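Novice: Quick note, the sequences are listed as chains C and D, same order.
Heads up: the first sequence at position 188 corresponds to 188 in the numbering used here, and the numbers run straight through without jumps.
Heads up: the second sequence at position 20 corresponds to 20 in the numbering used here, and the numbers run straight through without jumps.
These are computed hints drawn from the structure, not numbers from a lab.
All values derive from a computational prediction rather than experimental measurement.
Treat each hint with caution, since some may be false.
As the list claims (entries may be wrong) - Residues on chain C that point at chain D, a partial pick, calculated with CB under 7 Å:
hint: 1; residue: His73
hint: 2; residue: Ala76
hint: 3; residue: Ala77
hint: 4; residue: Ala78
hint: 5; residue: Val88
hint: 6; residue: Gly92
hint: 7; residue: Val93
hint: 8; residue: Leu96
All C-beta atoms in this analysis are idealised placements derived from N, C-alpha and C, irrespective of residue type, glycine included.
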Amino acid sequence: MLQITNLHASVADKPILKGLNLTINAGEIHAIMGPNGAGKSTLGYTLGGRPGYEVTDGSANFDGQDLLALDPHERAAAGLFLGFQYPVEIPGVSNLQFLREALNSQRKFHDLPPLSGAEFIKLAREKAALLKMDMEMLKRPVNVGFSGGEKKRAEMVQMGILNPKLAILDETDSGLDIDALRICGEGINSIMRKPDKAVLLITHYQRLLDYVKPDFVHVLAAGRIIRTGGPELALELEEGGYEGVAA
Amino acid sequence: MTALPTRKAEDWRYADLAALEKLWPLPDAEAVTVAAGDNFARAIINKGGVLRLSLTLEAGARGAVHVLNTADTYARIEIEVTLKEGADFTLGGVQLASGEQTAEIVTTVRHIEPNATSRQMIRSVAGGTSTASVLGKVYVAKGADGTDGSQSVRAMLLDRTAQANARPELEIYADDVKCAHGCAIGELDANGLFYLAARGIEPARAKALMLQAFIAAAFDGAGEEDNLTAAAQAALEALL
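Excised from the complex, chain C in its bound form (with noise of 0.2 Å):
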């Protein structure tokens, strides 16, 4: 589903990737843990198109497209979805229009009538459910007033009316307590765990992948990715910490 091969990107001339390598296959749930400043979020910017993230080689290949070349917009009616790690707010837009605007524009994209006022809601309704959202909180501006697991929560939900092929999770585990992140976790297991979906969960902690149990484990340092494994390097980097398994 995805190839990235040899990507090098930068930001404000400072090459923050050094040709990272990954592929993810669907059906596959894959997290990407590292130190700070690894490169795990210019990592999920790049592949979202975000202005400022500048590619300087290498591809990445989405489901037999050049992913690069596309606009964000383009990205996202191809089947990417980007979760954000500070969801942005955006006033005096609410959720349900943005999120049918969203929906619809894709729709548009692959030439496919627009849902109907009625048919959105209902779909709204049954994804806001499933993350335990209450209808009321979608019908207020994005995000404005919204905690930090009220945020993320809708996120989840805006990823289940957008139903991608690809996620990618940045950090969605972090702001979260306990509760949120159960519910989040299993958001994401219900909505993107089919075999023709796939994951890449960007994460510090083991905590989020006790919920949802990635198929792959890497290990992101200084751009690159300089490790794999399975489920257990993710337990591994919790005793040993990145130190440890970098050297």
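Assemble chain D onto chain C, guided by the hints.
Specialist: Positioned in the frame of chain C, the structure of chain D alone reads:
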């Protein structure tokens, strides 16, 4: 005024004088007097040229004016309001300019008797090499104690080549007065635009959504809120 103004005249400083010359001489302002205790509401959609309204609110009268200011070349709305005792005035304005257009809203609000209130909220959007200006004057006469006047002026620049001017002016001769004014000129939040794009919304549509949210407050509570909002949305889409 008989002679064409020059740039030295404060009120015409940001005007498109070449366009103005073609419109000169301007017709007199439409004068409206609202009787004591009565209500007056007006929604104005200016699609070009100079529009002038002079409103006198007698004691306890309430006036609400909502304007949408757009033009191919030059659009100017002048509103002059005189408030008597306990009168109340609300102005909600939106102006949208692109290309080489010039849009401006010029207000003079005179509190000449005590305890009158006025609120002005204007939101401008300027792209291309356009200019959007707001000149707002609040005058409080001697003895007009208990006056409460506010001005909120914000502008969003879509391009670095666009220009927004905000000039609030207070002239106060009474002692017990509350006059607040705030202005801010900025650009659309790049993080917000990327967030919308990352969910699949096309860039022009993402801008339109954020701009709609930016201007929405100016038409809050307007009698013709839906009409004004729809007209503003159509103008916004055309502008992007």
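Novice: Work down the list of hints and note, for each, if the structure agrees.
Specialist: These are the hints, each one checked on the structure:
The restraint placing His73 of chain C at the interface with chain D holds, with a minimum CB-CB distance near 5 Å, inside the 7 Å limit. Hint on Ala76 of chain C holds. Least Cβ distance to chain D is approximately 4 Å, under the 7 Å limit. Residue-level restraint check for Ala77 of chain C holds (minimum Cβ-Cβ distance to chain D is 5 Å; threshold 7 Å). For the restraint placing Ala78 of chain C at the interface with chain D, the shortest Cβ-Cβ distance is roughly 9 Å, beyond the 7 Å limit, so the hint is violated.
Contact between Val88 of chain C and chain D, as hinted, is supported at the beta carbon level, the nearest pair being about 4 Å apart and thus within 7 Å. Hint status for Gly92 of chain C relative to chain D: holds, with the closest Cβ pair at about 3 Å, below 7 Å. Taking 7 Å as the C-beta contact cut-off toward chain D, the hint placing Val93 of chain C at the interface holds, the least distance being around 5 Å. Given hint, Leu96 of chain C at the interface with chain D, is violated; its Cβ is 13 Å from that chain's nearest Cβ, farther than 7 Å.
Comparing the model with each earlier hint shows violations of hints 4 and 8; every other hint is respected.
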